[in-house]
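Novice: If you want the building blocks of each chain, they are given just below.
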Amino acid sequence: GAGVSQSPSNKVTEKGKDVELRCDPISGHTALYWYRQRLGQGLEFLIYFQGNSAPDKSGLPSDRFSAERTGESVSTLTIQRTQQEDSAVYLCASSPSGGALYEQYFGPGTRLTVT
Amino acid sequence: DQQVKQNSPSLSVQEGRISILNCDYTNSMFDYFLWYKKYPAEGPTFLISISSIKDKNEDGRFTVFLNKSAKHLSLHIVPSQPGDSAVYFCAASVGGNNDMRFGAGTRLTVKP
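Residue numbers (this note's numbering), protein chains in the order written: chain U, 1 to 115; chain S, 1 to 112.
Accuracy of the hints is not assured; some may be wrong.
Pairs of lysine-lysine residues, derived as DSS-like cross-links and limited to a Cα-Cα distance of at most 30 Å, are as follows [said to hold, decoys possible]:
#1 U:Lys11 / S:Lys5
#2 S:Lys56 / S:Lys5
#3 S:Lys111 / S:Lys56
#4 S:Lys71 / U:Lys57
Worth flagging that the hints you see were computed from the coordinates, not collected in a lab.
As the structure is a prediction and not an experimental result, all values here were calculated from the model.
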């Protein structure tokens, strides 16, 4: 079946511009996670959605970052006024309801480059 | 603040030999640990996990060892196969919550 998909796969933007990254989770998965991986670093948790509950935004690094998810479908991660330090691979993962941590299924990521 | 560290960015082993990937952590509250494997252009996929109540978990060719006193875990792959060539991430969490902390990854190359 279809896995988690993300678009675009690559994005190059100028400093100061806004970008939107999209994640399509596996159908039926109620939980959705965003992570980022900067060069030479581990995956960094950003935000978590679970069904209709309030999202866990504790990992968002600044108020320039926001994410939305409508129901149990697509999520968009928006970065406003991008900075060079935002350059990273942004990964999305989804998991079934009540799934254990290991049941996170990752997408291929979006590589963001801010010039 | 990197709470999970993989100090070896790369490792190369011969096919058939053992691969040992290491991971250190600083937060003594971590009680659940996972290893993920990542191929190029794909997202990480879950490989094996261990809870802090255990010191070893085995799944086929893959074994994870946990040394809580040293805050160290390792992944052993034996025998290593060329298809094991990938980047391996270790991850840790407290109480299985959502804020999982990942290491930077180790690139394993298994030579035929």
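Novice: Hints first: check each against the structure and report whether it holds.
Specialist: We went through each hint and held it up to the structure:
1. A C-alpha spacing of about 28 Å is found between lysine 11 of chain U and lysine 5 of chain S, which places the hinted pair at or below 30 Å, so the restraint holds.
2. Straight-line distance between C-alpha atoms of lysine 56 of chain S and lysine 5 of chain S comes to about 20 Å, which keeps the hinted pair within the 30 Å bound.
3. Taking the CA atoms of lysine 111 of chain S and lysine 56 of chain S, the gap is about 27 Å. The hint holds against a cut of 30 Å.
4. Using a Cα cut-off of 30 Å, the hinted pair lysine 71 of chain S and lysine 57 of chain U holds, with the two alpha carbons roughly 28 Å apart.
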